[in-house]
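A.B. asks: Sequence:
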Amino acid sequence: KVVEMAKRLGIRSDIPVVASVALGGVNVTLEELTAAYLPFANFGLSAEPYSIERIEDQNLEVIYQHASAKRTRLFDETVAEEMNHLLYQVMHGGTGAGASLGNRVAAGKTGTTNDWRDAWFIGYTAQLASGVWVGNDDFRPMDHVTGGQLPAKIWKAFMLAASQDMPRKPLKGAYPAPQYADETALISFYADVSRGFAEVRRDGNARRGRRR
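Counting in our numbering, the sequence shown tops out at residue 212, every number present.
Calculated from the structure, these hints are not laboratory results.
Among the clues, some could well be false.
Keeping only pairs whose Cα atoms sit at most 20 Å apart, straight-line, the calculated SDA-like set for lysine to any residue is [to be verified]:
#  : residue 1 : residue 2
1  : K169      : D137
2  : K172      : K7
3  : K169      : K70
4  : K169      : T184
5  : K153      : K172
6  : K153      : N103
7  : K7        : N103
8  : K70       : H85
9  : K7        : T72
10 : K70       : L128
11 : K153      : D138
12 : K153      : A97
Here are the in silico distance ranges between beta carbons for each label pair [said to hold, decoys possible]:
#  : residue 1 : residue 2 : range
13 : R140      : K169      : 20 to 30 Å
14 : E48       : F189      : 23 to 33 Å
15 : A191      : A161      : 48 to 58 Å
16 : R117      : A97       : 35 to 45 Å
No experiment lies behind these values; they were computed from the predicted model shown.
Idealized CB from N, CA, C, for every residue including glycine.
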């Protein structure tokens, strides 16, 4: 199922069918991984990445214009909303808090490989997705660099600059998670409830702290 979904999201690199693939034990390109997040911002519809929008000659005549591919539904819109909700939390109290864009709604995910050889941050707003990879060309370990540190800072700086002239748009599902009472408060609450039930007769009528 993991391999099937990865291919559906546009991952073209070879993915071995092994259990560890669910944990990210696969080599993919930054372009592939960034593009795989596009359908989450696009309500479950496909969005094929491309590098060149248009080409103009010396007379400013357009000699090439990218033609958008037909969009297909990859998964239900509610799935996209749920993923947006989860990835929004990453940037608001999770490992990606350093990438928060302030009052511009965004969602994203950090990534760190064994021995700090690779550090990633992939994220998106309703209008733009981008990804950052940090690592050494010779595959040497870094000095404890994680996805929530340098990659998140680079991503934030780029996104703030790239989005400054874009209107702020909501991202479906991107809202704070409910806040629950801490464990001590919950234990105290349920203890009070238990005592309350102990003071009620089996026939449902209260009787001064005794049970018949």
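A.B. asks: All the hints need checking, so say for each whether the structure fits it.
C.D. replies: Now the hints, each set against the structure:
1. K169 / D137: 37 Å, violated
2. K172 / K7: Violated. K172 to K7 sits at ~24 Å, over the 20 Å cutoff.
3. K169 / K70: Answer violated: K169 to K70 is near 23 Å, above 20 Å.
4. K169 / T184: 39 Å, violated
5. K153 / K172: Distance of about 24 Å is beyond 20 Å: violated.
6. K153 / N103: OK: K153 and N103 at ~17 Å, within 20 Å.
7. K7 / N103: With Cα atoms ~34 Å apart, K7 and N103 exceed 20 Å; violated.
8. K70 / H85: Not OK: K70 and H85 at ~27 Å, beyond 20 Å, violated.
9. K7 / T72: 14 Å, holds
10. K70 / L128: Holds - the C-alpha atoms of L128 and K70 are around 19 Å apart, at most 20 Å.
11. K153 / D138: Roughly 23 Å separates the two Cα atoms, so the pair is violated.
12. K153 / A97: 10 Å, holds
13. R140 / K169: 20 to 30 Å: 41 Å, violated
14. E48 / F189: 23 to 33 Å: 51 Å Cβ-Cβ, so the 23 to 33 Å window is violated.
15. A191 / A161: 48 to 58 Å: Taking Cβ atoms as reference, A191 and A161 lie about 53 Å apart, which means the hint holds.
16. R117 / A97: 35 to 45 Å: 23 Å, violated
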